[in-house]
Each structure stands twice: as structure tokens, then as C-alpha cells.
Amino acid sequence: MKTVVKSKISALLDEIAKEFNLLVPTAGDGASKFAPYTSGGQVSLDGRTLLPPKDVFFPQTEKMYKFSTDGMAGSLETLLEAPKHQMLFGVRPCDVKSIHELDHVFLTKGFVDEFYQSKRDRTFLVSIGCNGPAEPTCFCQSMGVNPQESDAVDVHLFDLGSEYGAVAKSENGEAFLQKYASFFNEAEVQLPAISEFALKPDVEGITEKLQQMFDHPLWEEVSRKCLGCGACTYLCPTCHCFDISGRVAGNQGFKFRCWDSCMFSEYTRMAGGHNPRPSKKERVRNRFLHKLQYFPERYGDLLCTGCGRCLSKCPVNMDITNIIKQIREVELA
Amino acid sequence: MTQVLRAENPVSPLVPVVGKIIKIVAEKIDVKTFHVSTPEGEKPFTPAPGQLGMLSILNVGEGMFSITTQGPNHLEFSIKKTGVLTDALHEAEVGQTVAVRGPYGNGFPLDFCKGKDILFIGGGIGLAPVRSLINYAVENRGAFGNLQVIYGSRSPADLVFKEDILENWPKVPGMKVDLTVDRGDDEWKGNVGFVPAFIEQLAPSPDGDKVCVLCGPPIMIKFCLQSLAKLGFKDENIITTLEMRMKCGVGKCGRCNIGSCFVCLDGPVFTLAQLQKMPPEY
Amino acid sequence: MSLNTEALPKSQEVTASPEAAPQPWEPRIVGFACNWCTYAGADLAGLSRLQYPPSIRLIRVPCSGRVNPQFVIRAFQRGADGVLVAGCHPGDCHYSTGNYFTRRRFLLMQRLLEYMGMDPRRFQARWISGSEGPKFQQTVTQMTEDIKALGPNRKMRDVE
Amino acid sequence: MITEKIRAAAKELLEKGEVETVIGWERGTFWYNSTPVFISKPEQADRLVFDDFCANNLAKYLLDYRNADGKIAVFVKGCDARAITRLIQDNQVKREKVYLIGIPCTGMKEAPKTVSSQDVAGLPLLAKCQSCATPNPVIYDILLGDPVPQKEVGNRFAGVEALEAKGADEKYEHWGKLFSECIRCYACRNVCPACNCRECAFDANGLNWLGKQNNLQENQMFNMTRAMHVAGRCIECGECERVCPMGLPLMDINRKIIKDLNELFGSYDAGLNLEDRPPLGQYKLDDPEKFM
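Chains as they are written, first to last, in our numbering: chain V, 9 to 341; chain W, 3 to 284; chain S, 20 to 179; chain F, -5 to 286.
A hint or two may mislead.
Unchecked claim - Derived, one-sided and incomplete: chain V residues facing chain W with beta-carbon distance under 8 Å:
(1) F75
(2) T77
(3) A81
(4) S83
(5) F114
(6) K187
(7) S231
(8) F250
(9) G254
(10) V256
(11) Y275
(12) P284
(13) E305
As the list claims (entries may be wrong) - Here chain W is said to cover these stretches of chain V; the calculated rule only asks that three of the stretch's residues, wherever they fall, bring their Cβ under 8 Å from a Cβ of chain W:
(14) 172 to 185
(15) 204 to 212
These are computed hints drawn from the structure, not numbers from a lab. All values derive from a computational prediction rather than experimental measurement. Where a beta carbon is used, it is the ideal one built from N, C-alpha and C, also for glycine.
Start from the sequences and build out the full structure, keeping to the hints where you can.
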């Protein structure tokens, strides 16, 4: 396997940054997130970022088209720019999985979302494996993610302690390793053992079980402590619901889409005032059923990658692993 | 019966094309029908009956509406005044620039309906989505059996599409239109009473695999379903359309889901048999 | 999201139409005027042919107490260089006590704006009665002078 | 042990049928997560705990029980009790519909870095608890345990004063940087016991009080308006700051407002006394008029 010592990574990133718009996990003053690489900046390749990388493809606010009006007349123009080729470096396997789920949503079922696709197609993915839970709240292994290795990327880096072992996962990845061959050595490597995860929710058969639990009192029970904020959905790497709204200034304006949260009361409220999900019971139920039943029914995958961000930042410790446990404990008549 | 049609848009299914209001018909005090075509006078896109269109006034907002019918060069939206966008639409005049995108949703199951007798039931503005199929059946008269429309509104003044229900449709061979109002007035000679009771009174027969297409306020639907069950209509043959808040129209933005179905993509047309398998969250 | 206040368009560019010759920058002040006193005072200033700078855009409100702190922030966002809230003198409120609440609320608001990095001179409140046309004239003139000295407001401005 | 006492108290109230629900805390995901729990059967009372991690202010949940038939029992620390006093003052909660079980509180602890070390004593107090001025509940029906002595908290406005001393541009940059981080998840609003509007202005569809774009301007609008809306009603429980996923120092804004209210209209601490009226809900004829 090709290996690169960790101390050489910043030199490698400097080189890459000459070619690509390079995004790396950054821990600055604020929350850790993927941000443009600056030489000597605060790159943080340990653990996962607080903010998931979804905004690289699906920004929190994204302009779609602009318009101008003149009395009754008007015109519009699409604002879809092809971004520069970019590299997302240091994505953890849980987040790689989440990008795969976002691909399902934005690129399949009859409609392709060009705003997402234009960025997705131009992004080179480099993942870094974990040899165990990066945070106590991690549970990716239980959600079918191999914490050590990702396949749906261009290049994967194994964490071998003092160095990374690099494997190309695509043709572009091969070319990349060729191009930067001077940074790598060839070595026999032994992958470290994966350490024990504290949280191990069992999702075997959960979709089928939930199909019979829509009216179960469990939802009333678990939703009581929810505050109805959007912290879980905004930090979730897979949550992808959005709103389309506009901004008008005089006779000019633009329409944009922005993240929205199914936990907000106005999310499903219609113009006449009717709301199909009027209280937090329905909203919490929809969130968890979407993750564990509806999405698997529609796309064949759970909409949770076990990154643990929601349960680490939820103001009231709403814990999806615990809810999964409670679902399992329910005895259906 | 899921038929997903690709939106005809140049760049993205989320970006509309510019259109123009070419005619406005005041149906009743708070309902107007807007005829929309492109600035060149063409039809923005060709929807199947029952499909939806996203209509916007650029500097106000966007909303999903059923396309109540179409002509060779235009689409028609019948819109009740309920919020910010619909208020602005009601203020608009002929010539107003709008933006449209679509068509979205599955539409009515035409192949399933063809060759069968059809009973259309509408309440209030609920006739709007049904009208797209009625007009399709009228235009393709030979492809359908007998047609019957049962339509009710609160008062004679609240009846919409008066030209169709009073003039056009009753003249179509093999087509019958029965009207009822909750409260009559001095000039009203027709039936007075709620739609469900009127259905039972008319007692249309479900024989010959008759299909019933139903749309109206939720409370009316609830009681109509009971009446239809009494008359012996099968759940598979009762078809209705649903309404949910929508933003993208292409099954991505998330909010219009009922279970794992998206109303904007897999709906808005569902049979009662399908609805019974879905969570009652609409 | 960026904090680059330098990236903001120069106010001249915003106000001037492309054909016209560049005009000297004039402040834009949004004034919330109570219907019963200040609006009448402004009316009197007009009737009396009192000259004051055309920098003020008056918005009539039923009472100075109607003015929500959000109005003030929104005005700055949308391009105001200064905001004035004006109403009846204490004791004269058409609704008896509205302006007493205004007084507390906007004393606090002004300090919060200052804490957020705004120059407090950009946000003013005044008591102007229906008979005080000259006071309205003076207030607008003075505030325009002050803001001219401060220059265009770039803070909290909506850059999009 | 306090946990035994609270279990016994809850059990007794439920067994006697005095209350329909007890709101307390239970063990969450890990030993350092204690989370709100709602107990309505006596046999569930053993789920209740009171430890060093019961940071959640439970007062907020009373808004969910505005229309409850029976009484609701709530465990209250000093800050929770102040929040409930405020809610009673705002007519959001009726005093006779709540049963308050007071618990003197020495402060809650930060979560440790790892799950394994169970050294509770070595953990620092939460920021919000370090400057707590009311460790003992100010309103209760019964008090479990003995009142704890008030700590020396020093000048709680020191941080505000340091910021005030900065130049205007420096301040603007400071806040701009922070507000740019805000993801507008509204956790601060939703956790806040002073945010008790039935419909928040920011949720009102169509009125467009706040654009949905996430940008500095709209984030400034949100954060400043939120602070103004809780002015005079903030009880300094610090929950907004604790729950902010981005770690924004929101109490620096709330405390600034409290400091100004004290300076302008006389000393006032929200939620200490049922009879007090909030400073922005009243006026004096001789209020300062400096810039009017």
C-alpha cells in the first residue's frame, strides 16, 4: 500500500491547493467544519467536524435564479454557475455514506437537481478512516458503515498511526496518487484493530417493525421532551429538506433555496392554516420514521449514518440510538 | 398507476419559465381562474389531467396549484384567495407576468378510467382538479362510458365554472350534471342539501366497474366516502386528489410526504385503496 | 456569508442611475412618525414652508409605541443611514401611555445597537408635537448633518 | 441521597393523585447526560435522577401543559424556579396548576471529554452555573434538601464591560464573526423559558419578518430581535448559550440588556419575585430621557 507520513500532509495539501479548490476539516475559533484550505491554517484531521460536509454540495442558502419586474412585465435568469473543481479532503466514512444518501435524493427518481449535481460532479473526495469511535456518540458501525474504509470516494486514507495508507478508489484517484507519487512510499501495512463503540443500536428489521408502529403511543412518549428546534436536522449530514423563498428589493430580486427543518411548526403548514403535522408528536415521529422507515422504503438505505452529531448537540439529549432501542423493545400485538 | 413526467424546463426542474396571464375569469367572490401562456402565446407545457403546476408572481411567491384544464395554447389555474400569493394573484390583471414550472405529479389514471362510466363528485373549489379530467373525457368522449357530475357548493353564488356546469357539460351526449347547494336563494330551483346526502338520494350505481373521482373539503370527502361505500363503490375505484404544502415539486424538498410517498411526485391522485395503506397524515 | 464591509457598493453607486452624473451622497433617514403628533408636526413644517433636507422618508405609525425594534433593524438592513422614531411628548400620547413604553424600549435599543457596533447617533428618538413644525425641521436638519458627518452606513446592510 | 428523595416525592404525588404528570430528569445516553423526563405513573418514578448534569431548565415544558386538566409537578432548581415565576407573571402558567418541588443546586457540570473517566468532582461547572446568583429555588411548594449557601460570583457584567470598552468597528467585527456562525436552528429560542409566544414572529408565514437566507444580516436580525424580545424577562438561566450548537456567547447579549435595564430603570432581576413587574412592561413618569 502507498503510505504518507502524517508530518508530510501539510506539504501535500499545499501542493494540492495549487490544483484544486481545497476544502479541509478546520477547527478555528468557531465550530469545526470543512473550509477552504489556507497554508498554515488550522487543519484538523482528527475526529469528525461538528458541521457535516453537506453544505459543500447543498449550501444552507443557495441562489437559484434572479428576476426583475417592471410593472406587469418581468424576466428571470438562472443562477447556476459551474464551480471550480474542488477537493473535499478528510471526509470520514460516516459522512461519505451521507453523501451517498444525498445522491439518492438529488440525483434519482426521475428528476436530477442540477444545483446539487453541478457541485457533486466537480468534487474529488478523499476520505480518512477511523479506527474506532471518534466521539463517544459515534455509532456508524451499527448503521452499516465500515469506520475504517470508504469505497464511494476517489482516494481513501487509512489511519495507520504515524502515517496514512492511501488507496485509489476511482480512476481519478489512481491519477491523483500517480501525480503526487513523490509524497508516498510503498510499504506493507497492517490495519489496526477497530476499537469498541460505546453505542451499538441494532437496526435489524427496524423498517418492517416501524411499518406497524405509526399509531404507537411510543411517539407521544419520546416526543415530549423535544423542543422543536432544528439543531439535529441542521447538523445531520443526511437531512436534506429545503425551502424555496425569495428576496425582493425594488424591481429586482432573487429566489433561493435554504435548509429547512421538519421540526419547525411552519414546515408543513399550508396557506389556509391547515397543518398535517400540527404538534411535536407528529413532527418527531416523521423525523424518525423518515430516517428509519420512509427513506429505506424509498431508496433502500437508512437515512442515518451513525455520526452521532444530533445526539451530541441536542439540547435535551434526544438520542436516536435510544429510540431505536425503545422501538425494538416494543411488543406488537 | 404512477406515471412520472419530466418537467419541461431548460435548466432545472426548480427554475420556472416566464409566462403571462392572458385571461382572468371571476368564478365567484374569492375564486378566479387564470389563463396562463408563454409570452409568445404558447402553452408553457402540456400536463396530463390531474397534474400540478407551480405558479408564481416573481416578486411575491410561488405556490403549487392543480391545473384545472388546458387549451391548445394555455393552462388554467382556478385559485381561491387564501394567502399572500393568492391575494396578489387576485389583484393581478391580464398581461401580468408570472412564472410557471411543471407539470408535477402523477395525474389521473387515464388508462384505468378509459372505457368505464365515471362519476365525478366535487365540492366547492374541489371541482377545479376534477375538471381537468372531466374536460379530457368530454374531448375524448368516445374513450369513456357515461359521465355524471355531482357538484355542490355552499350557495348558488359559490358555484364555480358556471359555464361548464350549466351550459357546456349538460349538452354533452351521455353526460349528466346534478347540482346541489347547502343553502338556496330565491332563484335557486335545484336541489338544496349537502353533497353526501345528495349522492345517496341520486344513488348512482357502481355497476360496470364505475369509477368515482372525488374532490372537495375534507369533511365532505369523509361523508361522501361513507355514502359511496353504502352504494357499493369499491375502494380501488374511488379516486381523489390530495393537497399538501409543496416547495420543490420534484420529491426532494421533503415536506409533502405521507409516509414514504411524496404527494408532488407519487400523487396528488390516489385511490382510496392506496390511501388506506398510507399513514393518515394529511 | 462574509463580513467584508468593504465589498458593499458605494452609496453613490446605489442611488445614482447609470445615465445621470454622479450625485453627491445624501443620507437616507427612515423616520417613524406617530400619527397624532409628529406626523402633524411634519405636516405643519410643510405647510409653513420650512426648509429641511429631503433625506427623511417618513413612515406614519399609529403611535411611537407601535414601532417594533425589528422595524429599526430592518430599516438599517435595507439601506437606511439613520433611523428616527418620533412621537408625542410624554403625557400627550393619544393612547395615554404608549410613548412611555417607547421611551424605555428605545433607550434600551439604542444601547444595544451601540453594543453591536453601530454608531448610536444613527438611531434617534424625539418628542415632536403637532404644533412643533420648527422642531421637526430642526431635528431632521440636525440628524442629517450628524449623519453626513458619519458618512454612509455600511453596518448591518443587506449586501444582496 | 437527593435522588431517593425526588423519587419518593414524585411517587407520593402520583399515588395520591395530586398531580397528573411529574417533570424531572432521567439518565440519558451516558452517565453525564441527564435529560428531561415526564412521569405519569408512580412505578415510573424510579427513572428520576438528580445529579451533576441536570442542566435543562424544565420550566419551558409547562407551556406544553397550558391546557392540562390536572396539576403538573416540576422539579425546580434556582434558575428553573425563576423561570416559572416569570411564566406565572406572564399569565402563561397558573400558580395553582403547578406543584413545585424545589431542589437547592450547587451547579451543574460540564460533560467530560471521554466516557470512561468518571471523575465528577474534577469536572468544571457549566459556564452558566459559574455566575449563578440564585442556587436556591425562589418559589416552591416543598423543598428537598437544605438550602445551599450563595457563592461569591463577582461581577457578572465583567464580560459585557470588556466588550463595551471596545471600539465600534471592533465590536461590529466581533459580533459579525459570531453571527456569521449562527446556523439559525432556533435552539436558543426554543429552549428559552422567556420565549413563550404561541406563534413566534419568525415562524409567521408570509409576514417575512425574517428572511430565511442564512447570512450575516438576517442572523443579526434574528439574534438582536431575540435578545430584545426577552429583554426584562431573561432570568439568566443561560440555557440559550448552553444549547447553542455553535457555542455562541449569547449571554453576552442578554447580560448587556440586563445591565442597561438596571442602569436605566433601577435594579431588577427577573423572576425573583412574583409581585415585580418587568421593566419593559411598565414605566415611570421620570424615566431617563437622555436621547429623546
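Self-check item: Unmet hints by their number, sorted upward, for this structure
Solution: 6, 7, 14 and 15
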